[in-house]
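This is what each chain is made of:
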Amino acid sequence: MANPQYVSEKQFNPRNIWSGFLFGVGIVTFLDEAIFHQLLHWHHFYDKSTTSIGLVSDGFFHALSWFTTVGGLFLLADLRRQESLKWKTWLGGVLLGAGLFQFYDGTIQHKLMMVHQIRYNVDVLPYDVVWNLTAIIMIAIGYYLILKSKNTKPLRESEGV
Amino acid sequence: MLLHFNYGELFLLVISGMGILVYLVCIAISNPYYKKWPISRMILWILGVLLAVSAVVGPIAARAHHDFVFHMIGHLLLGMLAPLLLVLSAPMTLLLRTLSTSHARRLTTILRSKPVQFVTNPLTASVLNIGGLWLLYTTNLYKMMHHYLTLHVLIHIHVFLVGYLFTVSMIYIDPMPHRKSYFYRAIVFVLALTGHGILSKYIYAFPPTGVAQTQAEQGGILMYYGGDAVDLILIIIFCSQWYRACRPKNVVLSS
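Sequence lines, in order, name chains C and S.
According to the numbering used here, the first sequence is numbered sequentially starting from 1.
According to the numbering used here, the second sequence is numbered sequentially starting from 162.
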């Protein structure tokens, strides 16, 4: 049965992507903090070679991601509430957000702004390569998932799907 | 035990005791006329007052004079956690339902006034809050604070008040005449959190005058993660309010 609330299928596609994207940026920063700062102690809280623009960028993305981890999940709940969630598109958004931020972190923040390095007292090149390659793979899969799920319909319990 | 307190500390204890008492009396007066005031809010108020006073009287305050880490614990309690609990206990709502209609009207007139509108704007509250902290830790103010008692008292009052102001400008629990959009508040909140995080790292690298390097490092890390912890609660409350506010109005509930 056609429900008048669901006329615009298309407007939910970007919302699925954005919800995932924001959560992706948030969760990758959170994992970075948990794994590389707290568990492995590879990253430094503050590297004395950090440029001041690096400090600002680091501070901004830390704050933003802290907010978007929570906000992205509430957007996900909102999509479910409106029965407009498309898991594949959402997951694509997560990977795209996570990949893009990790790439920004690995190139501009680590290298250009010298926020901190992945690990100290070792040859950092292999770490950098793996870091940024993972980022690019995430971006590619995320983009692929979004494209592939573009014309699919959201799962709706009320329609007995 | 009481003999160890000086007059200033006794005064603070009396003030906070009265704060709790007034809240309880307001509940007792208004409960017969309105819905029963939630116990949870009462607990939040009492906890909030106790946390705030524990930052300025007692062992934390005593050690804060020469240990920067304890100074920072005190500030997290006084400027972030205590204000959050107090805001959640909805004191203004309680006060408004306790006062007589004419007095309550006068109070709402004050709440609607231009100056109150100005300071409860999230941007003003953030600048007063985070800007004040930058002034305190990046100038000589921190060192001077330990030499002049009046300055010490004023700074702590400021930290508490702007902490409350910041919280009340972000999450609306009590009536708020000048509401700002969720999006605007979210942007300002992220910027304020940015300023807080950068300052924490700045303190880590450049200790305030008179603070040892190791203490500044520990204090900076505590400020960073402690601030994150309290702000996480704030973010979750903020987002859930946003989530509830934009629920679809035309949904038909199936049985």
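Hints were generated in silico from the structure; no laboratory data involved.
The C-beta atom is built at its ideal place from N, Cα and C for all residues, glycine as well.
It cannot be assumed that every hint is accurate.
[Said to hold, decoys possible] As a list, the in silico DSBU-like pairs of lysine-lysine whose alpha-carbon atoms are at most 35 angstroms apart: (1) S:Lys304 x S:Lys410; (2) C:Lys88 x C:Lys148; (3) S:Lys410 x C:Lys153; (4) S:Lys197 x S:Lys410; (5) C:Lys148 x S:Lys304; (6) S:Lys197 x C:Lys150; (7) C:Lys88 x S:Lys304; (8) C:Lys48 x S:Lys275.
[Claimed, not checked] What follows is a set of in silico ranges between Cβ atoms, one per label pair, in the way DEER data are often shown: (9) C:Gln38 x S:Ile176: 49 to 57 angstroms; (10) S:Thr254 x C:Ile108: 28 to 36 angstroms; (11) S:Ala390 x C:Ala140: 29 to 37 angstroms; (12) S:Thr370 x C:Lys148: 19 to 27 angstroms; (13) C:His44 x S:Val183: 25 to 33 angstroms; (14) C:Leu39 x S:Ile394: 39 to 47 angstroms; (15) C:Phe30 x S:Leu185: 39 to 47 angstroms; (16) S:Ala390 x C:Arg81: 56 to 64 angstroms.
Each hint tested on the structure:
Straight-line distance between C-alpha atoms of S:Lys304 and S:Lys410 comes to about 56 angstroms, which puts the hinted pair past the 35 angstroms bound. Proposed proximity of C:Lys88 and C:Lys148 is supported: the alpha carbons are some 9 angstroms apart, at most 35 angstroms. Using a Cα cut-off of 35 angstroms, the hinted pair S:Lys410 and C:Lys153 holds, with the two alpha carbons roughly 23 angstroms apart. Restraint check for S:Lys197 and S:Lys410: satisfied, since their Cα atoms lie roughly 29 angstroms apart, inside the 35 angstroms limit.
Pair hint C:Lys148 plus S:Lys304 does not hold up; C-alpha atoms about 61 angstroms apart against a cutoff of 35 angstroms. Straight-line distance between C-alpha atoms of S:Lys197 and C:Lys150 comes to about 52 angstroms, which puts the hinted pair past the 35 angstroms bound. At most 35 angstroms may separate the alpha-carbon atoms for a hinted pair to count; C:Lys88 and S:Lys304 exceed this at roughly 56 angstroms. With a C-alpha separation of about 45 angstroms, the suggested pairing of C:Lys48 with S:Lys275 is violated against the 35 angstroms cut-off.
For C:Gln38 paired with S:Ile176, a C-beta distance near 40 angstroms fails the hint of 49 to 57 angstroms. Taken as a hint, the range 28 to 36 angstroms is violated for the pair S:Thr254 and C:Ile108, whose Cβ atoms sit roughly 47 angstroms apart. Range check, S:Ala390 to C:Ala140: Cβ separation about 36 angstroms, and the 29 to 37 angstroms hint holds. A beta carbon spacing of about 59 angstroms between S:Thr370 and C:Lys148 contradicts the range 19 to 27 angstroms that was offered as a hint.
At about 49 angstroms, the CB distance of C:His44 to S:Val183 disagrees with the hint of 25 to 33 angstroms. The given range of 39 to 47 angstroms is broken by C:Leu39 and S:Ile394, whose C-beta atoms sit roughly 24 angstroms from each other. Between C:Phe30 and S:Leu185 the beta carbons are some 41 angstroms apart, a value that agrees with the proposed interval 39 to 47 angstroms. Range check, S:Ala390 to C:Arg81: Cβ separation about 28 angstroms, and the 56 to 64 angstroms hint is violated.
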